[in-house]
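Visitor: Work out the full structure: start from the sequences and follow the hints.
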Amino acid sequence: MDASFSRRTVLAGTAALAMAPAVRGGTMPRRPASPLVLGHRGACALRPEHTLASYERAIADGADFIEPDLVPTKDGHLVARHEPNIADTTDVADHPEFADRRATRVIDGQKQDGWFTTDFTLAELQTLRARERLGALRPISQSFNGQFPVPTLDEIVGFLQASNARTGRTVGLIPEIKHSTWFASLGFDMEALFLAAVRRHRLLHRVPLIVQSFEVSNLKRLRKALRGMANVQLMQLLDDDGASPADAVAQGQALTYREMATPAGLSAIAGYADWAAPAWSRIVPLATDGTSAPVTSFIADAHKAGLLAGCYTFRPENRFLPKDLRNGPENARNDAGCLALIDRVIAAGIDGFFTDDPALGRQAVLRRKGMHARG
16 MDASFSRRTV LAGTAALAMA PAVRGGTMPR RPASPLVLGH RGACALRPEH
66 TLASYERAIA DGADFIEPDL VPTKDGHLVA RHEPNIADTT DVADHPEFAD
116 RRATRVIDGQ KQDGWFTTDF TLAELQTLRA RERLGALRPI SQSFNGQFPV
166 PTLDEIVGFL QASNARTGRT VGLIPEIKHS TWFASLGFDM EALFLAAVRR
216 HRLLHRVPLI VQSFEVSNLK RLRKALRGMA NVQLMQLLDD DGASPADAVA
266 QGQALTYREM ATPAGLSAIA GYADWAAPAW SRIVPLATDG TSAPVTSFIA
316 DAHKAGLLAG CYTFRPENRF LPKDLRNGPE NARNDAGCLA LIDRVIAAGI
366 DGFFTDDPAL GRQAVLRRKG MHARG
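Under our numbering, the first residue of the sequence shown is numbered 16, with each subsequent residue one higher.
Check the hints yourself; a few may be wrong.
[Claimed, not checked] Each computed DSS-like pair below joins lysine-lysine, with the alpha-carbon atoms no more than 30 Å apart:
1. Lys319 with Lys89
2. Lys126 with Lys235
3. Lys319 with Lys235
4. Lys89 with Lys239
5. Lys384 with Lys338
6. Lys126 with Lys89
7. Lys384 with Lys319
8. Lys239 with Lys338
[To be verified] Derived CB-CB ranges, DEER-like:
9. Glu112 with Val310: 31 to 41 Å
10. Thr185 with Ala102: 34 to 44 Å
11. Ser282 with Ala108: 40 to 50 Å
12. Gly124 with Asn342: 33 to 43 Å
13. Asp358 with Ala114: 41 to 51 Å
14. Ala177 with Ala245: 22 to 32 Å
15. Ala245 with His318: 31 to 41 Å
Quick caveat, the hints were computed from the structure, so don't treat them as lab data.
All C-beta atoms, glycine included, are put in the ideal place defined by N, C-alpha and C.
Guide: Here's what the structure looks like:
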């Protein structure tokens with residue numbers, strides 16, 4: 016992206032933020048003036064994910080929110096990593112002093128081998144450096160391997176406060192509380208740790224704050240704890256049809272994401288959350304041949320239930336696009352195809368979307384605005 020486009024996107028994003036009180040009263044939260052561009056793990060198409068550099072690039076490229084996925088360290092600090100397993104996102108394998116920390120864990124039913132944040136103190140974790148998770152698929156991001164440490168939530172809040180003051184924009188924070196049920200089994204209360212951070216930082220009482228989770232019980236708990244904070248909204252994430260929230264499985268409930276995405280399920284979500292956000296393929300489904308099928312009713316169903324509709328995650332490489340939108344080798348960037356896919360969900364009425372490349376997301380929003388202005 017050229018510098019002039021980045022400057023335009025910075026100015027364009029500010030007006031989109033419009034939050035509603037967190038107290039649910041049976042009415043739909045105020046819809047944003049235009050779809051919110053949610054910087055997925057920052058701008059992880061261009062910088063290693065969950066680093067301050069990635070968040071900085073996301074803001075420069077027009078993101079309305081930056082996203083830290085939150086996991087705990089052994090000594091109870093919240094840090095930004097997509098998963099507790101840091102084998103693919105740090106250089107931990109290059110540290111012989113940590114070789115004996117390698118372990119196998121079963122997280123929400125999935126067996127994983129690697130190194131886990133809960134086996135490291137914060138001081139130990141911050142001796143590591145971030146790496147690009149997708150390797151050579153993203154050579155620009157990969158070129159920054161080894162340069163950036165793993166940030167804490169406190170550091171991200173401080174960074175965001177300084178960035179907002181410097182730019183004059185109001186960029187929000189959209190943290191995801193990861194694996195609450197699994198971490199609870201290890202003795203970590205993720206919600207208590209997060210609420211303590213909210214109490215510590217005045218910024219988190221002012222800046223737009225959307226808290227996400229694939230689980231249900233923790234969002235219900237946070238709804239009660241954060242009641243009355245007008246800057247806070249909650250987002251229920253939805254996984255694949257046949258999967259179930261980890262807390263539902265632990266409680267012996269027969270609840271699937273397929274059920275949660277029905278009109279009745281969305282109405283239930285509206286009792287404790289403001290947003291429902293599935294993968295984009297629940298909105299633009301894939302046919303059996305991998306091409307895109309007609310848009311579903313999900314967004315309309317969410318709005319009818321009184322929810323804002325979001326989705327995840329738009330990525331600029333061909334391999335992450337429907338086959339009819341690809342334009343070359345599987346691993347090649349395809350900005351036009353990614354823009355076309357984002358445009359379909361914007362046209363369907365999406366309220367916010369996650370993207371690995373916020374500059375493309377902002378471009379899609381501006382292009383749709385221009386179409387409306389010309390129309």
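Visitor: Taking the hints in turn, state whether each one holds.
Guide: Hint check results:
no.	hint	verdict
1	Lys319 with Lys89	violated (43 Å)
2	Lys126 with Lys235	holds (28 Å)
3	Lys319 with Lys235	holds (21 Å)
4	Lys89 with Lys239	holds (28 Å)
5	Lys384 with Lys338	holds (27 Å)
6	Lys126 with Lys89	holds (20 Å)
7	Lys384 with Lys319	holds (24 Å)
8	Lys239 with Lys338	violated (44 Å)
9	Glu112 with Val310: 31 to 41 Å	violated (52 Å)
10	Thr185 with Ala102: 34 to 44 Å	holds (36 Å)
11	Ser282 with Ala108: 40 to 50 Å	holds (47 Å)
12	Gly124 with Asn342: 33 to 43 Å	holds (37 Å)
13	Asp358 with Ala114: 41 to 51 Å	holds (48 Å)
14	Ala177 with Ala245: 22 to 32 Å	holds (24 Å)
15	Ala245 with His318: 31 to 41 Å	violated (21 Å)
Hints 1, 8, 9 and 15 from the list above are not met by this structure, while the remaining hints are.
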